[in-house]
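**Student:** When the count follows the numbering used here, it moves up by one through the sequence shown with no breaks and lands on 1344 for the last residue.
Honestly, the hints are just simulated from the structure, not real lab data.
Idealized CB from N, CA, C, for every residue including glycine.
Possibly wrong hints are sitting among the right ones.
Claimed, not checked - Below 27 angstroms or equal to it, Euclidean Cα-Cα: the simulated BS3-like pairs (lysine-lysine) are: (1) LYS1098 - LYS1179; (2) LYS1223 - LYS1179; (3) LYS1243 - LYS1269.
As the list claims (entries may be wrong) - Label pairs and their in silico Cβ distance ranges: (4) GLY1249 - SER1224: 44 to 54 angstroms; (5) ALA1127 - SER1256: 43 to 53 angstroms; (6) TYR1324 - HIS1126: 43 to 53 angstroms; (7) ASP1189 - GLY1135: 46 to 56 angstroms; (8) LEU1133 - SER1308: 47 to 57 angstroms; (9) HIS1126 - ALA1231: 48 to 58 angstroms; (10) SER1256 - GLY1135: 50 to 60 angstroms.
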Amino acid sequence: MFSLDAIPVTGASSEECPAGVSIISQTCDIVLSSRPNVIVAKVVQLPAADAKQATEGFRPRYVGLPDGGECMFVDLEHIHAVSKIALLGKTFVRAVNQDDAGAVRRFSFLVGRRFSRFAFPDAITHWFDPLRKTIEDKYSNPDSPLGRALSHVVELRVQADNWNAPLANVTLHVIVKSGSLPEVADEHVFPEASLAKWLRPNGDLTRTSSAIADRLCPAHGPKPSNWDAYHLWSALGEALANECRPKAKFASQPGVSGAISSISGQIWSEDEFSLTLYRDTEMLDLDHLSVPVASPEP
């Protein structure tokens, strides 16, 4: 809360919207005559790489308009209340098919998600920055081994015993598309001997996420067996968690090096990730993973 006595009004000033705007108000706000305004957001056309990131859910700032044109997105960084009168006589395009219940639900969910994101402490964010780089590299090189593997990932979520206490114990949950994570029999709960030796020659995981992904999702040649694929996925989750370490220039800042005690990785199929875990975890996205700028002095 701020001790602001009145909301500043900018009068006739405006923001250019060459691609138009999208209404993000609820239907009741649009149809009720007692509500003179609607909430709109600027529509933008994104470059292909950014559009792919946004489509796959890693850029909550942008929400896709599936019937609005190629790479057209709502930019939730530019939201304004406008009078309904201002929209009279304007060209209208239905950018989300109202007959497609799934598309409508997804649009509503993605708009709402922007305003319900968890605010990670700055010290924690520095730990996740290397993972941001890994994910961004995937989009710039989708045919790389890691790019092929991460194309199966639908969401990254993190869990901690206490985000605001030092030495937090954190789990990175890597959630993949249904059918991507094979089921294995009880006798295959441990990896096959040669794979175990390759992954952990000295008992600890030594392979990088890219090396594991190359074996999990080869560009050519035979794919791994379900037994091997299951354990390669598990190792990939662990390797991604291992990348979450603050860079030296940030580790020396107060509170950063002691923010997290441990980070483990766990892989899940999207149809097995429970509602309980969903409620106990927070989503990671590329906006979250950006290194914070210095806070202004009070």
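**Student:** Hint by hint, say whether it matches the structure.
**Tutor:** Hint check results:
A C-alpha spacing of about 16 angstroms is found between LYS1098 and LYS1179, which places the hinted pair at or below 27 angstroms, so the restraint holds. Our distance criterion of 27 angstroms between C-alpha atoms is met by LYS1223 and LYS1179, whose separation comes to about 22 angstroms. A threshold of 27 angstroms between alpha carbons decides the hint, and for LYS1243 with LYS1269 the separation of about 19 angstroms falls inside it, so the pair holds. Take GLY1249 and SER1224: their Cβ atoms lie about 33 angstroms apart, and the range 44 to 54 angstroms is violated.
With their beta carbons about 47 angstroms apart, ALA1127 and SER1256 fall inside the hinted range of 43 to 53 angstroms. Here the CB-CB span from TYR1324 to HIS1126 is close to 32 angstroms, at odds with the stated 43 to 53 angstroms. As the Cβ distance of ASP1189 to GLY1135 is approximately 47 angstroms, the hint placing it in 46 to 56 angstroms holds. Separation of LEU1133 from SER1308 is about 53 angstroms and conforms to the stated range, judged on CB atoms against 47 to 57 angstroms.
Hint check: HIS1126 to ALA1231, Cβ distance near 57 angstroms, so the stated range 48 to 58 angstroms holds. At roughly 55 angstroms, the beta-carbon separation of SER1256 and GLY1135 lies within the given 50 to 60 angstroms, and the hint holds.
Going down the numbered hints, you'll see the structure goes against 4, 6, while the others check out.
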